[in-house]
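Engineer: Below are the chains, spelled out letter by letter.
Protein chains: 2
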Amino acid sequence: MKVKIRKAKKSDFESVLNLIVELAKFEKLDPPDEKAKKRLYKDTFGKRLSFRILVAQADNEIIGYAFYFFTYSSFLSRKTLYLEDIFITQSKRNLGAGKLFMRRLVKIAKKQKCGRMEWAVLDWNKNAIEFYDKLGAKQLKDWIYYRINFH
Amino acid sequence: MKVKIRKAKKSDFESVLNLIVELAKFEKLDPPDEKAKKRLYKDTFGKRLSFRILVAQADNEIIGYAFYFFTYSSFLSRKTLYLEDIFITQSKRNLGAGKLFMRRLVKIAKKQKCGRMEWAVLDWNKNAIEFYDKLGAKQLKDWIYYRINFH
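Protein chains in written order, with our numbering: chain A, 2 to 152; chain B, 2 to 152.
Rather than coming from a laboratory, the hints here were simulated on the basis of the structure.
Predicted model only: the values in this text are computed from it and were never measured.
A portion of the hints provided could be inaccurate.
For identical chains, the list gives no copy identity; a pair is met inside one copy or between any two copies.
Claimed, not checked - Simulated pairs of lysine to any residue, SDA-like, Cα-Cα distance not exceeding 25 angstroms:
(1) LYS38 <-> LYS114
(2) LYS48 <-> LYS80
(3) LYS10 <-> ARG53
(4) LYS112 <-> PHE151
(5) LYS39 <-> LYS93
(6) LYS139 <-> GLN113
(7) LYS10 <-> PHE46
(8) LYS135 <-> ARG148
(9) LYS108 <-> PHE52
(10) LYS48 <-> GLN113
(11) LYS80 <-> LEU30
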């Protein structure tokens, strides 16, 4: 089965939403509720594009998605490509979609003159960690991340 | 000495740049080089605003800055206020500028309907960690952060 990486279209929205829910369940985190799904639709196809979505297509099926946006490093004075989500549906692993996503994202980051590409992984997700280590990515071990939740 | 938090103006650029260099030295990281400083000026006052800068002013001096932008959570379908840098010059600590910055940032995040506010701190920066813990912020302990550098 040949996998193709491309920008998400409006007609992919339901498939991407299903994958987001599958990823949230896999990560044991809260998936988007109905209101959040509506906000996401608006934010995806609204005037102000604050993120981008790529999909992996195999035959006519959407088997994975990557959700990213650009942040900024004040020290480098360059954009960073931040990969918020990357997910391939459980039954379609080992088709190489993950590698294709990462290759495309690196290409996009370089084209956009980013200084870096960054992302986070849950510490129990051994398969993903092995995958990222093989890519040659470096763990940011000396930083502690903080969050305040408003909702 | 009364501290005022306000948006950075063009005339603050040199002061902010000096603080960025001071922060980089404090964090034992590479400060922006001359080319990076020029890029930063362009990106700060260019057409596409990809980040925002607040400054803390005491008397007529800029004593600190906060550098932030908005990211996005696909699960919440809400923006996140991401605080890239917050720094108060060494000689002007204990005037309350840090608290004033955080209070202002929380206000901005809520006004922008963000679901979260996030930032990172170096693990040896005990004073900052104590400050953030007191604020009631939560450490994201189960996430590993990855980076690929392009430059």
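Engineer: Look at each hint and say if it fits the structure.
Structural biologist: Right, here's what the structure says about each hint:
For the homomeric pair LYS38 and LYS114, the shortest alpha-carbon distance between copies (16 angstroms) is at most 25 angstroms, but the shortest distance inside one copy (32 angstroms) is not. For a Cα distance limit of 25 angstroms, the shortest separation of LYS48 from LYS80 qualifies both inside one copy, at 21 angstroms, and across copies, at 15 angstroms. Taking the shortest alpha-carbon separations for LYS10 and ARG53, only the intra-copy value of 11 angstroms comes in at or below 25 angstroms, while the best inter-copy value is 31 angstroms. In this homomeric assembly, LYS112 and PHE151 come within 25 angstroms of each other (Cα to Cα) only across copies, at 11 angstroms, whereas the closest approach inside a single copy is 35 angstroms.
For the identical chains of this complex, LYS39 and LYS93 are neighbours neither inside a copy (27 angstroms) nor across copies (46 angstroms), given an alpha-carbon limit of 25 angstroms. In this assembly of identical chains, the alpha carbons of LYS139 and GLN113 lie at most 25 angstroms apart only when taken from the same copy (21 angstroms versus 33 angstroms across copies). Proximity of LYS10 to PHE46 under the C-alpha cut-off of 25 angstroms is restricted to the intra-copy arrangement: shortest distance 9 angstroms within a copy versus 33 angstroms between copies. In the homo-oligomer, the alpha carbons of LYS135 and ARG148 lie at most 25 angstroms apart only across protomers (13 angstroms), although the nearest pairing inside one protomer, at 29 angstroms, exceeds that limit.
Proximity of LYS108 to PHE52 under the C-alpha cut-off of 25 angstroms is found in both arrangements, the shortest distances being 17 angstroms within a copy and 23 angstroms between copies. For the identical chains of this complex, LYS48 and GLN113 are neighbours both inside a copy (21 angstroms) and across copies (16 angstroms), given an alpha-carbon limit of 25 angstroms. Taking CA atoms no more than 25 angstroms apart as the test, LYS80 paired with LEU30 passes between copies only; the shortest distance there is 17 angstroms, against 28 angstroms inside one copy.
Hint compliance for this structure: hint 5 is the single one not met.
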